[in-house]
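Listed here are the chains, written in short residue letters.
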Amino acid sequence: MNALAPTGGGGGGGTDDLKEPPKRGRWVPYALLAPGMIWLVVFFLIPMLVQGGTSLQTGGLEKGYEFTWHFSTYWDALQTYYPQFLRSFGYAAAATVMCLVIGYPLAYAIAFKAGKWRGLWLVLVIAPFFTSFLVRTLAWKTILADNGIVVDVLNTLHFTDVTALLGLTEGDRVLATPLAVICGLTYNFLPFMVLPLYASLERIDPRLHEAANDLYADPKTTFRKVTFPLSLPGVVSGTLLTFIPASGDYVNAAWLGSPDTGMAGNVIQTQFLRVLDYPTAAALSFILMLLIVLMVSAYIRKAGTEELV
Amino acid sequence: MTATLTPQTGGSHAGGSHRRATPPAAHQLSAPARALRWLRRNVVTLFGILALAYMTLPNLVVLLFSFNDPNGKFNYTWNGFTLDAWKDPFGVAGIKDSLITSLEIAFLSTLFATVLGTAVAFALGRYRFRGRGLTNTLLFVPMSMPEVVMGASLGTLFLNMRISFGFWTILIAHVMFCLSFVVVAVKARVLGMDPKLEEAAQDLYASPTQTFLRVTLPIAAPGIGAGALLAFSLSFDDFVITNFNSGDTVTFPMFVWGAAQRGTPPQINVIGSAMFFIAIAVVIVGQVRTNRRKQKAS
Amino acid sequence: MSEQQRAGASGDVNLVGLSKSFGSNTVVQPTDLTIPAGSFFAVLGASGCGKTTTLRMIAGLEEPTTGQVLIGGQDVTGLPPYKRPVNTVFQNYALFPHLSVAENVAFGLRRKGRKDVDGPVKEMLELVELGHLGGRKPAQLSGGQQQRVAVARALINHPQVLLLDEPLGALDLKLRRQMQLELKRIQTEVGITFVHVTHDQEEAMTMADTIAVMNGGVVEQLGSPADLYESPRTKFVANFLGQSNLLDTRITGTSGGYLLMDVHGTRMALPVDRTAAQGDQVVMGIRPEKIAIQHASAADSNGNRNRIDGGVIVDSSFIGVSTQYTVRMPWAQEITVFEQNMERDHRLVPGAPVVLHWNPDHGFGLAPEPATASAAVKA
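From first to last, the protein sequence lines are chains Z, A and R.
Going left to right, the first sequence walks through residues 1 to 309 as the numbering used here numbers them.
Going left to right, the second sequence walks through residues 310 to 607 as the numbering used here numbers them.
Going left to right, the third sequence walks through residues 608 to 986 as the numbering used here numbers them.
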């Protein structure tokens, strides 16, 4: 048995800063990373760069494209399509606020009020996901149809009069108006708000509520001073998970809206798949990406929770 | 408070309600006031139920209209009850092929994304290496990027490379956007795992390979399973990115998108509802099995 | 090398110049240590003293920076953990959550290629009194039961050495006492060398034949529990194992095997062979329970005992079996005295003038360590 292995084999001296148990072979993590990360570089990162290049090309389908540092594509795109960008971010912001207003009580109820039914509530939040979102979005065409029950009720309550004043609806209709698009966006991205909110609320020790009550905080103060601040990480990630995809969405605007409610996604889709003007499509999606990155980083800085990234 | 607490000679009634911790004034309230109280105490729950109703309403409409006998090409208004669509769910040209294509792509992209993503998650959760921050950024960015941007840019790459769109370009795209989600799911599990368990295995004569197969992998399995399920549903349901990279290949979401222009047969609702019920059944069966296992063990 | 000469019985553990550094931070200073086969050996120290790192180097979970580990005379320094004839009971047990109790216990045997594991597993579970729980998952057991599974999982492999890393740290006091006795019983039964790492001095003293007290990566003293308690050789040991009163002295001479010394003007004596220091500065230590306390008016001559006059009680607390007094000396130092509750003198209350005296043979001498002197006085 003696001298089975050479003394000090493997890592040798071992004076480097090892905090974890030594792992044999420094190439192992890179071997594990390589396939996945190469996939992301080739099919995510490089396409971004290629798209950047394409946005500066000029030419046409027949003649071919040429790289000409044609920055005016950006300028033209912004000039022509700024209403769509404004709508994108306006609708997305409205939907995010709606999601927060609807999603917070729901997440709160699941975390603190549902008791033994918690599992069922969670299943009901996730289950609608299992039906294709396109099929579910089509259902909203039926729900919001002119002369349908929902619209009749809203008309009787004069709700549509108020929204018409705000410019969200026209006449007695809901379908083919901004309100319908915002409703659809809210519906589609609500789970993305509820789940992170629930995750951060569920982590709160219920004894903290008792402690707050014991220290003379009434339920409202307890919520304001204890529960809500502790759920902030969930609020931040929920709003991001809602706002970002909502601002790039084009299905809701295409199906529930009208030509006057087009969003940035609709323009990109049209330019890319119908008009086949690839430089403009590339420039538009670059602008969309850039604006989102700017808004999100400003928001994160303000919210001060960089850890969730 | 003190006034009601002072003993009233015949107040055994009041005393009883004290012990039940009912506020002293409760039994003096009128019925509407009591209803208002109850409402105020349960307002959050009621609001939550309303929100749930909002979230499930479209599914009910989808189910209801799968029994509709539409008048014309579009299935948007109720016309009459029929079981026709359920009897012949694939009775529309192209719907069966699109479903098969979607399942094939979902299966393959789940497989690839799970294998690649699990490896990345293990590297991140178990090793220290240079370039960790860069790796995390590259994983995070695709999750926080609108799908149109990713779809359009990947489509632009394929155009520039003169690669023709179809099954394989869709698969490549799906693996790309599923990968990060798998990594997140698996990494959480790997990080939550006590590194002492692996040391214990080594202490009990398990070689590194045996340690990985017998301890690390089984413990990480729930995370890998969750990641795979997530990847499958993301891939199966994806429309936006697919739309930019599909060419003539039609997945089920692409079929629905096309149908919205040409006419929506109730078969779409049948398949949508069936997917819903299958998923619910899987959840329930899984729940029952874990419950039974728990009971058997104790 | 001379490993073969050093080879002892099959359970001997020899550490030769063993040290460990993380970067520039040396956690274990070069250490030579022999743990005899079949002994119950405890490594005692505060957290961060290097005791767990030492244990992990024996297990092979940590690579030593310098030195060698020999088990039964074999150099195992370069062997990975799964090739060493040692097993570990981990802190918080590290039971595999996905395997049943029986499969946890069988794990090591299976890795060694044994097929017929049912018999030994059953036997082992009986030994730790868990025969009926083999089918459960670890999460369904109580802390004490998990602890036994961890011991069974390690012992079933008949290691030459069993390493225990704070194995009782997660248990409550009563269970800990019970498990201490049980572990001791098991060790006597199987006769395997146990190396037990703990920060609990009472635990170490109850269980171990030999204790190594570690401080700052160095083994400060090695010996039997009684040895360490009666004759500590450093201030750290004197205060980590129980309490000590430490008095600064100046040597004035020797007489018949005793050092004669001056303690703030009082003459005292200390056996030369109980003194770990040289030179004319010695710190004299005396355990609180070895000091007799008497009211000043009742004090008799006390013969040739060490005696301090002029003390005043500043605090007394009744603890049940004893009463603990804090007495202020004329030079302002406070001395702790434990008095058995046999015949209580009711005059011994705060403010009372007292005389302290003790048998000179009960004192011990330490070298003065300026750096830690202030900390030591307080005890």
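What the hints contain is simulated information worked out from the structure, not anything from laboratory work.
In this text the structure is predicted, and so the values were computed from the model without any measurement.
There may be inaccurate statements among the hints.
As the list claims (entries may be wrong) - Under the rule of at most 20 Å between Cα atoms (straight-line distance), these lysine-lysine pairs were calculated in the PhoX-like manner:
1. R:Lys744 <-> R:Lys729
2. R:Lys729 <-> A:Lys505
3. R:Lys781 <-> A:Lys505
4. Z:Lys220 <-> Z:Lys302
5. R:Lys729 <-> R:Lys719
6. R:Lys791 <-> R:Lys781
To be verified - Covered by chain A, per the in silico footprint, the following chain Z stretches (three or more residues, Cβ under 8 Å):
7. 75-86
8. 162-174
9. 231-239
From the three backbone atoms N, C-alpha and C, an ideal C-beta is built for every residue, glycine too.
Hint by hint, here is what the structure shows:
Proposed proximity of Lys744 of chain R and Lys729 of chain R is supported: the alpha carbons are some 16 Å apart, at most 20 Å. A threshold of 20 Å between alpha carbons decides the hint, and for Lys729 of chain R with Lys505 of chain A the separation of about 25 Å lies outside it, so the pair is violated. For the suggested pair Lys781 of chain R and Lys505 of chain A, the alpha carbons sit about 27 Å apart, so the restraint of at most 20 Å is broken. With a C-alpha separation of about 25 Å, the suggested pairing of Lys220 of chain Z with Lys302 of chain Z is violated against the 20 Å cut-off.
Under the criterion of a C-alpha separation no larger than 20 Å, the hint pairing Lys729 of chain R with Lys719 of chain R is consistent with the structure, at around 18 Å. Proposed proximity of Lys791 of chain R and Lys781 of chain R is supported: the alpha carbons are some 16 Å apart, at most 20 Å. Judged by the Cβ-Cβ criterion of 8 Å, the region 75-86 of chain Z is not covered by chain A as claimed, because only 0 of its residues qualify and three are needed. Chain A is given as covering the region 162-174 of chain Z, and this is violated because 0 residues of the stretch bring a CB closer than 8 Å to a CB of that chain, at least three being needed.
Counting residues of the region 231-239 of chain Z whose C-beta lies closer than 8 Å to any C-beta of chain A gives 0; at least three are required, and the coverage claim is violated.
Comparing the model with each numbered hint stated earlier shows that hints 2, 3, 4, 7, 8 and 9 do not hold.
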